[in-house]
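Protein chains in written order, with this note's numbering: chain A, 1 to 165; chain B, 1 to 165.
Derived by calculation from the structure, the hints in this document are not laboratory data. One or more of the hints may lead you astray.
The list treats identical chains as one, so a pair stands whether inside a single copy or across any two.
[As the list claims (entries may be wrong)] For lysine to any residue, the following SDA-like pairs were computed, each having C-alpha atoms within a straight-line distance of at most 20 Å: (1) Lys121 <-> Ala162; (2) Lys43 <-> Val122; (3) Lys39 <-> Glu55; (4) Lys43 <-> Ser71; (5) Lys121 <-> Ser48; (6) Lys39 <-> Ser152; (7) Lys39 <-> Arg118; (8) Lys20 <-> Asp80; (9) Lys39 <-> Thr126; (10) Lys39 <-> Pro154; (11) Lys121 <-> Trp160; (12) Lys121 <-> Glu55; (13) Lys20 <-> Arg30; (14) Lys121 <-> Ala23; (15) Lys121 <-> Thr69; (16) Lys39 <-> Ser82; (17) Lys43 <-> Asp136; (18) Lys43 <-> Ala148; (19) Lys20 <-> Asp57; (20) Lys121 <-> Ala107; (21) Lys39 <-> Val74; (22) Lys121 <-> Asp155; (23) Lys20 <-> Pro58; (24) Lys39 <-> Met79; (25) Lys121 <-> Gln157.
Take a look at the letters that make up each chain.
Protein chains: 2
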Amino acid sequence: MASTDFGARNGEKAVDLPAKPDAGVYFIGRIRTPWRERKDCPKNARESDAVCTVEVDPRWAEGLKDVETCSHLVLLYWMDQSPRTLVRQVPGHYGVQRGTFALRSPARPNPIAMSVVRLLKVEHATLSVVGLDCLDGTPLLDIKPYFASTDSVPDAQVGWHARRT
Amino acid sequence: MASTDFGARNGEKAVDLPAKPDAGVYFIGRIRTPWRERKDCPKNARESDAVCTVEVDPRWAEGLKDVETCSHLVLLYWMDQSPRTLVRQVPGHYGVQRGTFALRSPARPNPIAMSVVRLLKVEHATLSVVGLDCLDGTPLLDIKPYFASTDSVPDAQVGWHARRT
């Protein structure tokens with residue numbers, strides 16, 4: 001594993017990426033938010049009540065049938081501004097080195113973010129939702145219904161996070 | 001939008017895929033489960049208590065630091081056996097046509113599955129988890145800590161599903 005100068009400088013650690021990807025994703029729409037620069041984005045998705053919109057491309061619009069019956073959705077989107085090489089990171093607001101897979105940082109081998117959002121309405125191929133924290137224009141990968149029976153674990157713990165409070 | 005013969009035959013509806021993908025994903029490991037054929041897989045992830053293992057490739061193993069402090073994880077994985085063209089589907093056990101984005105079916109434009117799993121242990125680069133329903137050998141895309149504060153919505157409703165019970 002190779003450390004980049006960037007990694008060595010600030011306590012982070014990077015690896016070389018594989019020579020080529022294993023599969024391809026299609027951007028199926030775009031997410032519209034009030035945030036144009038990373039510094040303006042909320043620290044996490046529950047920090048803002050901003051209504052954001054999800055614009056689904058016409059090609060896929062028929063896939064939205066029945067989505068309006070869901071109170072909450074899982075959105076997957078592509079954090080296209082993020083480095084993909086980091087295996088250890090030092091989040092600025094904590095100052096401790098953690099493994100990438102113990103963090104929700106956008107920097108990860110596959111920069112796919114997952115957010116649970118509250119659905120306000122569906123009009124044609126546009127959804128209005130609350131619960132996003134991403135940059136305006138972020139590419140959309142998927143929309144899924146949120147099932148409390150399989151997706152909700154109210155008593156889940158993240159030990160490293162709990163210990164700092 | 002084009003309907004394939006497959007789609008026309010059984011009430012499903014397919015579209016043409018874009019000419020090329022917009023971005024590439026790396027397979028960062030493999031998921032080992034007891035299920036070798038789709039017919040053997042549980043209908044959903046809470047239906048089985050089987051302990052499955054997640055093998056992370058050596059390249060990415062250092063990213064697992066601190067993951068052992070998490071009680072639950074979000075796993076993203078690639079359903080590489082699924083068609084990507086369907087916008088309307090008729091799930092066999094319901095018999096009603098729904099939009100793809102209102103379903104958790106593996107058939108979707110980007111066949112990325114999301115499962116919330118309970119973490120039993122981490123040994124080197126192998127995780128033991130409960131809560132998967134995928135085929136043995138499924139490629140892994142990402143591991144994230146599950147935060148109840150943002151990811152758990154106990155009272156979420158999927159209207160079309162509730163109405164059938």
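Evaluation of the provided hints:
1. Lys121 <-> Ala162: So Lys121 and Ala162 pass the 20 Å test across copies only (19 Å; inside, 35 Å).
2. Lys43 <-> Val122: neither (26 Å within a copy, 28 Å between copies)
3. Lys39 <-> Glu55: Cα proximity of Lys39 and Glu55: none, with 24 Å in one copy and 35 Å across.
4. Lys43 <-> Ser71: neither (24 Å within a copy, 22 Å between copies)
5. Lys121 <-> Ser48: within (18 Å within a copy, 34 Å between copies)
6. Lys39 <-> Ser152: neither (30 Å within a copy, 26 Å between copies)
7. Lys39 <-> Arg118: neither (24 Å within a copy, 33 Å between copies)
8. Lys20 <-> Asp80: Both: 17 Å inside a copy, 17 Å across copies.
9. Lys39 <-> Thr126: neither (26 Å within a copy, 35 Å between copies)
10. Lys39 <-> Pro154: neither (30 Å within a copy, 31 Å between copies)
11. Lys121 <-> Trp160: Answer is between; shortest inter-copy Cα gap is 16 Å, intra-copy 37 Å.
12. Lys121 <-> Glu55: This pair counts as within: shortest intra-copy Cα distance 12 Å, inter-copy 40 Å.
13. Lys20 <-> Arg30: between (25 Å within a copy, 17 Å between copies)
14. Lys121 <-> Ala23: For Lys121 and Ala23, the Cα distance exceeds 20 Å both inside one copy (33 Å) and across copies (29 Å).
15. Lys121 <-> Thr69: within (10 Å within a copy, 37 Å between copies)
16. Lys39 <-> Ser82: within (14 Å within a copy, 38 Å between copies)
17. Lys43 <-> Asp136: The answer is within: 15 Å in one copy meets 20 Å, while 36 Å across copies does not.
18. Lys43 <-> Ala148: So Lys43 and Ala148 pass the 20 Å test across copies only (16 Å; inside, 24 Å).
19. Lys20 <-> Asp57: Intra 27 Å, inter 15 Å, cutoff 20 Å: inter-copy only.
20. Lys121 <-> Ala107: neither (31 Å within a copy, 25 Å between copies)
21. Lys39 <-> Val74: neither (24 Å within a copy, 26 Å between copies)
22. Lys121 <-> Asp155: For Lys121 and Asp155, the Cα distance is within 20 Å only across copies (18 Å; inside one copy 29 Å).
23. Lys20 <-> Pro58: Classified as between; 17 Å across copies, 30 Å inside a copy.
24. Lys39 <-> Met79: Close inside one copy (15 Å), not across copies (35 Å); limit 20 Å.
25. Lys121 <-> Gln157: between (32 Å within a copy, 14 Å between copies)
When each numbered hint is compared with the structure, violations occur for hints 2, 3, 4, 6, 7, 9, 10, 14, 20 and 21.
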